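Under my numbering, read the sequence shown as residues 48 to 521, first letter to last.
No wet-lab data here; the hints were simulated from the structure.
Fair warning: this is a prediction, and the values are worked out from it, not measured in the lab.
Certain hints may be false.
Said to hold, decoys possible - With a cut-off of at most 30 Å between alpha-carbon atoms, the simulated DSSO-like pairs for lysine-lysine come out as follows:
1. Lys122 with Lys87
2. Lys79 with Lys175
3. Lys285 with Lys126
4. Lys175 with Lys156
5. Lys76 with Lys282
6. Lys87 with Lys126
7. Lys351 with Lys338
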Amino acid sequence: MDATRKPLRIPPAMALYAEEQGVFDIIQKMVKKVLVDRPKDPIQYMIDHLSNDNDDVPRVFILGPPASGKHTMAKLLCKRLNATHLTPESVLSSDVSLLAKEAQSYRDKGQEVPDELWAKLMQQRLSKVDCIKRGWILEGFPKTREQALKLQMAGICPDHLVVLDAPDIVLIERNMGKRIDTANGEVYHTTFDWPSDPTVQRNLVEPEGISEEETGLRLIEYHRNIPGILRTYPKTSKKINADQPYMDVFSQVLTFVLSKPRSLAPHTPRILLYGPPGSGRSLQASLLAQKYGIVNICCGQVLKEAVADQTKLGEVIQPYIENDQQGGNSFFLRFLTNLNPTSFNKSPSEDFHLVALPAVTDRVFSLDLSDDVVIERLSLCMTDPVSGERYHDIYKPAPSSEVHERLQQNPRHSEQRVQARLDMYHANAEELDEFYPDVIHINADQDPYTVFEFIESYTVSPLPRPLPEEPTSP
Numbered sequence: 048m049d050a051t052r053k054p055l056r057i058p059p060a061m062a063l064y065a066e067e068q069g070v071f072d073i074i075q076k077m078v079k080k081v082l083v084d085r086p087k088d089p090i091q092y093m094i095d096h097l098s099n100d101n102d103d104v105p106r107v108f109i110l111g112p113p114a115s116g117k118h119t120m121a122k123l124l125c126k127r128l129n130a131t132h133l134t135p136e137s138v139l140s141s142d143v144s145l146l147a148k149e150a151q152s153y154r155d156k157g158q159e160v161p162d163e164l165w166a167k168l169m170q171q172r173l174s175k176v177d178c179i180k181r182g183w184i185l186e187g188f189p190k191t192r193e194q195a196l197k198l199q200m201a202g203i204c205p206d207h208l209v210v211l212d213a214p215d216i217v218l219i220e221r222n223m224g225k226r227i228d229t230a231n232g233e234v235y236h237t238t239f240d241w242p243s244d245p246t247v248q249r250n251l252v253e254p255e256g257i258s259e260e261e262t263g264l265r266l267i268e269y270h271r272n273i274p275g276i277l278r279t280y281p282k283t284s285k286k287i288n289a290d291q292p293y294m295d296v297f298s299q300v301l302t303f304v305l306s307k308p309r310s311l312a313p314h315t316p317r318i319l320l321y322g323p324p325g326s327g328r329s330l331q332a333s334l335l336a337q338k339y340g341i342v343n344i345c346c347g348q349v350l351k352e353a354v355a356d357q358t359k360l361g362e363v364i365q366p367y368i369e370n371d372q373q374g375g376n377s378f379f380l381r382f383l384t385n386l387n388p389t390s391f392n393k394s395p396s397e398d399f400h401l402v403a404l405p406a407v408t409d410r411v412f413s414l415d416l417s418d419d420v421v422i423e424r425l426s427l428c429m430t431d432p433v434s435g436e437r438y439h440d441i442y443k444p445a446p447s448s449e450v451h452e453r454l455q456q457n458p459r460h461s462e463q464r465v466q467a468r469l470d471m472y473h474a475n476a477e478e479l480d481e482f483y484p485d486v487i488h489i490n491a492d493q494d495p496y497t498v499f500e501f502i503e504s505y506t507v508s509p510l511p512r513p514l515p516e517e518p519t520s521p
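Turn these sequences into a full structure, and let the hints steer you where they fit.
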């Protein structure tokens, strides 16, 4: 890089490294933390922040009306993400500080705890090691916009705000069936979550405040406050329908919590498409290249061009191309490396030349299609030698009998050769999935523009956080 000339030309390798390591986001988060916390020694603060390595731990608020399943979702999330479960009650009961005693004194008098005191309590609890290292899930707080603003002033901002929602009539019926285990405080339900252990059943009691009138009053209070809370977190909140099986709700909650916000970091798409013949790889690559101006590299086409140009590597590759065989990995790797992939975006679209360049791809998509559909797509495809138009016996039949009679089939599309190509693909598919553990599988047996929208959504947005491994039982 020549610092004396402008505009500066940044080597592609530098941009590639910065994107792979998330340098832009790391610096952005550090600066944000410094401005919020305003430490006396910013340098040491940033060193400590990097040492904690906790940028990706969950920081989640879970809100919702009574009986919407906040407690269940919070428990499931904490178990799956190994995060700390917090509620206003647990913060008060586990804290022996002067702040906690002051807050408890308000409660003992039947008074509301001041919002500023709640903010200080939460700030104190979230600064402990378990919340810093593992992240936290805060259930049922804040309850008002004023509390949310006080939390913001204290530097407490969630990465995700989950808002569970359901019709009031459903919530009232659900709340009336709630039962509490007096031994440990666990919540059960007479219809949806009744314990099988007779001992636990004997410990269950009906909690206070679950009558229809009392639940209705709490719902009115909730509906009055939730719009203000949502205005406080407009970009990090999401409403999720809680009137469905709880595992379906949890799946949606987990997907949202693992998602990352749109980043302002420069992003160069480096996309890899693979799949069986006839899965639409070339079409999807062309659509991506057309919309985003990225370079479309069809590995098979590039290799054929090398043969046509009579290069040295082309002469080596020629027998494999002519016989439709898979070549040796070593010279394919040499050939594709000579393309200097760090200088452009890629959308390779051949399925049997993907042994090269794993380090420079940031999105890998597998277009999945059953063998029957592949054979139907290819073996019934014909070409008009006069007009060059392609037809299909099912999806795009010839306009007249005259055109139909002169149609010819590409020899590669005969059922026997298609099956041979499928066998070759399946022989390598498992290894491809192992080689690309983060591959995104897409059902290619649908409208091609639906497939494109799916690919596009994963291309323009950051990939979700990796899911932690489930804890193994001893």
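Hints and how they fare:
no.: 1; hint: Lys122 with Lys87; result: violated, 37 Å
no.: 2; hint: Lys79 with Lys175; result: holds, 20 Å
no.: 3; hint: Lys285 with Lys126; result: holds, 21 Å
no.: 4; hint: Lys175 with Lys156; result: holds, 29 Å
no.: 5; hint: Lys76 with Lys282; result: holds, 17 Å
no.: 6; hint: Lys87 with Lys126; result: violated, 37 Å
no.: 7; hint: Lys351 with Lys338; result: holds, 26 Å
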